[in-house]
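Visitor: Residue strings, one per chain:
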Amino acid sequence: MTHTEDKKTPLYEAHRSLNAKIVPFHGWLLPIQYTSIIEEHNATRTKAGLFDISHLGKVEVTGKGAFEFLQLLFTNDISKTDSRKIVYSPLCNRNGGILDDVFIYNLSKDRYILIVNAATFEKDLAWFNSNNSHRVDIEDINDSYGGIAIQGPASAGILQNICEADLKELKRRRFCETKVDGFSCLLSRSGYTGEDGFELFVAPEETEKVWGDLINIGKPYGLLPAGLGARDTLRLEAGCPLYGIDMDESKTPLEGGLERTVDLNKNFIGKEAILNRKAQGIKEVLVGFKMRERAIPRTGYPIEKANKRIGAVTSGTYSPTLKENIGFGYVTPDNSAIGKEFDVIIHAERKKAQVVEVPFYRRKR
Amino acid sequence: MYDLEKMRFTKTHEWFRVEGNIGYVGITDHAQKEITDVVFVELPNLGMEFSKGAEAAVVESVKAAFSIYAPVSGKIVKANSDVTKDPSLVNKSPYEEGWFYALEIKDKSEVDSLMTYKDYEEFIKTGAH
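Chains as they are written, first to last, in the working numbering: chain U, 1 to 365; chain G, 1001 to 1129.
The hints are simulated quantities; they were obtained by calculation from the structure and are not laboratory data. Every clue listed holds true.
Quick list of in silico lysine to any residue cross-link-like pairs, SDA-like style, CA-CA up to 25 Å:
1. Lys340(U) x Ile282(U)
2. Lys1033(G) x Thr321(U)
3. Lys290(U) x Thr1036(G)
4. Lys323(U) x Leu1043(G)
5. Lys1075(G) x Ala348(U)
6. Lys351(U) x Thr1084(G)
7. Lys47(U) x Ala238(U)
8. Lys1085(G) x Thr321(U)
9. Lys340(U) x Ala238(U)
10. Lys1052(G) x Glu1005(G)
11. Lys323(U) x Asn1091(G)
12. Lys1125(G) x Ser17(U)
13. Lys351(U) x Phe1040(G)
14. Lys352(U) x Lys1085(G)
15. Lys351(U) x Asp1082(G)
16. Lys1052(G) x Glu349(U)
17. Lys351(U) x Asp1086(G)
18. Lys290(U) x Asp1086(G)
19. Lys1092(G) x Ile32(U)
20. Lys290(U) x Ala1064(G)
21. Lys21(U) x Lys1092(G)
22. Lys1125(G) x Tyr34(U)
23. Lys21(U) x Thr1036(G)
24. Lys1033(G) x Arg294(U)
25. Lys290(U) x Thr1084(G)
26. Lys352(U) x Asp1086(G)
27. Lys1108(G) x Glu1096(G)
28. Lys290(U) x Leu1043(G)
29. Lys351(U) x Leu1043(G)
30. Lys47(U) x Ser1088(G)
31. Lys21(U) x Phe1040(G)
32. Lys1125(G) x Tyr1002(G)
33. Lys21(U) x Ser1093(G)
34. Lys352(U) x Leu1043(G)
35. Lys1078(G) x Glu349(U)
36. Lys1033(G) x Val1018(G)
Just need the whole structure built from these sequences, with the hints factored in.
Guide: Structure (structure tokens):
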């Protein structure tokens, strides 16, 4: 990877003035925490957390063949994007390997916005361009928006103060175009935390104002700004795999447990390879597990059964909500059923773990 | 009350407080901030012996695991069970309640080789980790 200057999001100065600990993250300078990962995590679960998501890659696809183009590139059915539903889909190469996982918004006929991972943005853009047989316009719109996520049970109450749309009307995984703080805004009821919440995209120069207002309005509700550290523990508890960690090009959606996002009734890049692999049977599968002995699993730690290696941990953490140690890892299919036990090798010691249902945490509705 | 001026420090961010022939070990305020919320501490058993620089304990934060090295050679004579019960003490009180273990100092000259607080502050400032 070439070393370039890390970019600042429109909220960089706001993070600095909040005394955030700032780290480079896939080419961006982002807060890892403001005060404490656990405090920020707990605020998001019980009240509200405010996140800078300006680093997420944004691509606009327009043109007559936009729908057909997206149907060909993505495994999920893009027609599900009608009625303003956000569709989550893996993006696969010809071997069925996962290039990225993407959120797709259909703004109007022949016009879509794709929210991709920061780490894979350049790779995705190159892939879109090299597979553009439908001659659509593919535009990098990263610099057109700043992004904020407000997550947690109090988020609707806080956001409603400055949002024109009636949030009661906005259902989970839907979006609308509205005004926030009087600014044009792309707003969705979505997130990466397992809580009710919203993600909003506004012009870069308006982002700091919206952020500041949400901080101030949110204060009496118990809202805290939350960094990448809390984002990671929240998404793990919520059972959301992270691209580049829990899945990559060496895995197809079958191994990653993403079969429900693969529509085998349509044609798409990678379909043949996925069908072949399905016929042959997969050799590993992503599972969620809990440690049954006190130890924290971390990325790369070996997983063994009866002294034989059966896989490895991809993500692991102490779960602030459950107060248990949890993780994701790939194991052989015969060891993947809920309740199965295996060992994780942690600091050269064998520690018992057990496959559990994912998500680890489910919010009360 | 602790006195930073009387304590010694390592390049791996442990502090060392000498009381007679015993030395207490913990991590610095700078280190606890870098590590983020500590959620798990694994301490050595009493009687275990370590040579200077050997891994004697493990601290885990939400983010990652960190090794705690023995600042000098010696035998473990105390372990702080409060910190294993409440690992957040490492963040809340790194120089007092958040200590990890105490060891019987084998060779006093090793203590002299450790950094003073002034040296350590300089060490942090120069951007070394």
